[in-house]
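Counting in numbering that gives the first Met the number 0, the sequence shown runs from 0 upward without gaps.
Hints should not be assumed to be uniformly reliable.
Calculated pairs, DSBU-like style, for lysine-lysine (alpha carbon to alpha carbon, straight line, at most 30 Å) [said to hold, decoys possible]:
#1 70 <-> 9
#2 232 <-> 143
#3 299 <-> 70
#4 143 <-> 299
#5 290 <-> 70
#6 9 <-> 67
#7 290 <-> 5
#8 290 <-> 9
Derived from the structure by calculation, the hints contain no laboratory data.
Note that the structure is predicted; figures quoted are calculated from it, not measured.
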Amino acid sequence: MRNDFKLIKKIDFSLIIIVLMICIYGVVIISSSTLNHRLGPAHFIRSQITSITIGLIAMAGMMFVNYKTLKRLALPIYLVSNALLLMVLMVGVGQEDWGASRWIRIGGIGFQPADFVKIGLIICLAKIVDDQRDFINQPITLFKIIGFMLLPLSLIMMQPDLGTTLVLASIIFGVLFMAGLRYKYIFIGAVVGLLTMPVFWNLLEDYQRTRVLIFLNPEMDPMGAGYQIIQSKRAVGAGMLRGQGLYSGTQSQYGFLPERHTDFVFSVIAEELGFIGASILLFLFIAMLVKCVYIAMNAKDDFGMFLVVGVVFMLAFHIFINVGMAIGLMPVTGKPLPFISHGGTFMLTNFMAIGLVLNVYMRRDVINF
Numbered sequence: 000m001r002n003d004f005k006l007i008k009k010i011d012f013s014l015i016i017i018v019l020m021i022c023i024y025g026v027v028i029i030s031s032s033t034l035n036h037r038l039g040p041a042h043f044i045r046s047q048i049t050s051i052t053i054g055l056i057a058m059a060g061m062m063f064v065n066y067k068t069l070k071r072l073a074l075p076i077y078l079v080s081n082a083l084l085l086m087v088l089m090v091g092v093g094q095e096d097w098g099a100s101r102w103i104r105i106g107g108i109g110f111q112p113a114d115f116v117k118i119g120l121i122i123c124l125a126k127i128v129d130d131q132r133d134f135i136n137q138p139i140t141l142f143k144i145i146g147f148m149l150l151p152l153s154l155i156m157m158q159p160d161l162g163t164t165l166v167l168a169s170i171i172f173g174v175l176f177m178a179g180l181r182y183k184y185i186f187i188g189a190v191v192g193l194l195t196m197p198v199f200w201n202l203l204e205d206y207q208r209t210r211v212l213i214f215l216n217p218e219m220d221p222m223g224a225g226y227q228i229i230q231s232k233r234a235v236g237a238g239m240l241r242g243q244g245l246y247s248g249t250q251s252q253y254g255f256l257p258e259r260h261t262d263f264v265f266s267v268i269a270e271e272l273g274f275i276g277a278s279i280l281l282f283l284f285i286a287m288l289v290k291c292v293y294i295a296m297n298a299k300d301d302f303g304m305f306l307v308v309g310v311v312f313m314l315a316f317h318i319f320i321n322v323g324m325a326i327g328l329m330p331v332t333g334k335p336l337p338f339i340s341h342g343g344t345f346m347l348t349n350f351m352a353i354g355l356v357l358n359v360y361m362r363r364d365v366i367n368f
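Working from the sequences, and respecting the hints, build out all of it.
Below you can see the structure in the form of structure tokens.
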């Protein structure tokens with residue numbers, strides 16, 4: 000009991016406050032973006048607050064399970080993660096969304112296993128890299144790590160879910176880089192990636208190739224595949240410095256902007272709150288990531304550092320992709336904005352990730368149980 004109290008005193012409440020500020024920002028924007036939705040804003044506000052509440056409980060659970068215990072459970076976590084991804088691909092179990100099998104529905108509750116798998120694979124990757132750190136620049140070690148991650152990456156690509164695959168790839172790169180991966184291997188990886196682009200292109204689904212082509216030239220199909228990007232850029236541009244005002248955005252309130260409470264929620268922020276409002280949110284995101292980087296640099300061991308680095312790259316990549324998608328600098332991938340976009344599974348995953356970071360911070364000094 001005394002040790003639990005010591006742990007509570009070590010919680011980084013400033014990080015929790017920043018995250019809650021982002022969540023409040025999100026609830027306000029969700030209320031605006033769904034004002035004219037057929038279900039009404041009250042439905043989405045209740046759903047978002049419920050997701051945040053469950054997320055806080057999950058965060059607390061992640062905080063108080065010693066992360067060293069998670070290291071010992073890495074193999075079972077890896078097996079369960081792959082089993083969930085396999086279930087998504089099974090006929091009669093996985094449910095399709097926008098042409099991809101990404102959901103599992105149990106009773107009346109649906110969830111996306113790929114979101115939870117991100118946390119599981121961060122733990123597994125941190126464990127294997129920590130065990131192999133002294134040999135990280137040996138080719139055989141790199142092949143082991145790549146082989147270890149190849150199964151879940153392949154299962155996610157089979158859904159197909161290119162966005163999540165890229166998120167996991169960024170996590171792998173971030174953890175390996177922090178483990179001391181030599182620049183020559185990074186260069187070799189980049190060259191191999193470029194050389195295999197034609198093969199990768201042919202493996203993409205038709206709608207994925209269309210998204211890339213539309214990103215390069217949205218006007219080629221302005222009323223079809225290019226509609227989202229065009230309307231999003233119009234919304235962002237219409238906001239200018241101060242925005243059109245909350246609940247007053249032309250694109251969002253008149254229904255011109257699709258997926259305005261999920262994938263394109265940042266467009267609503269830019270339109271209604273302007274450059275100033277969008278900058279405030281980005282400042283909060285940067286503050287959150289900087290706090291996480293500080294915690295990673297002050298972790299008491301390499302495993303803890305790798306855990307936090309994985310979380311940083313996961314959150315940063317989501318933010319980068321979503322904002323870039325909204326302003327037309329990235330193709331549409333369907334990646335939501337952390338703690339802002341409406342969605343229960345993704346919100347829960349984000350809070351679990353923050354719980355993992357706080358777990359490492361709370362145990363930066365050795366505590367005997």
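Take a quick look at whether residue 290 and residue 9 sit within 30 Å of each other, Cα to Cα.
-> Cα-Cα ~15 Å, so holds.
With a cut-off of 30 Å on the C-alpha distance, tell me whether residue 143 and residue 299 pass.
-> 26 Å, holds
Take the C-alpha atoms of residue 290 and residue 5, compute the straight-line distance between them, and say whether it is at most 30 Å.
-> Holds, because 21 Å separates the two Cα atoms, which is no more than 30 Å.
Does residue 9 pair with residue 67 here, judged by a C-alpha cut-off of 30 Å?
-> 17 Å, holds
Straight-line Cα separation of residue 70 and residue 9 no greater than 30 Å?
-> 21 Å, holds
Does the structure keep residue 290 and residue 70 at a Cα separation of 30 Å or less?
-> Answer holds: residue 290 to residue 70 is near 23 Å, not above 30 Å.
Given the hint that residue 299 pairs with residue 70, test it: the Cα-Cα distance must not exceed 30 Å.
-> Status holds; Cα separation ~15 Å.
Would you check the hint for residue 232 and residue 143, treating anything up to 30 Å between C-alpha atoms as holding?
-> Roughly 43 Å between the alpha carbons, so the hint for residue 232 and residue 143 is violated.
Taken one by one, the earlier hints fail for this structure only at number 2.
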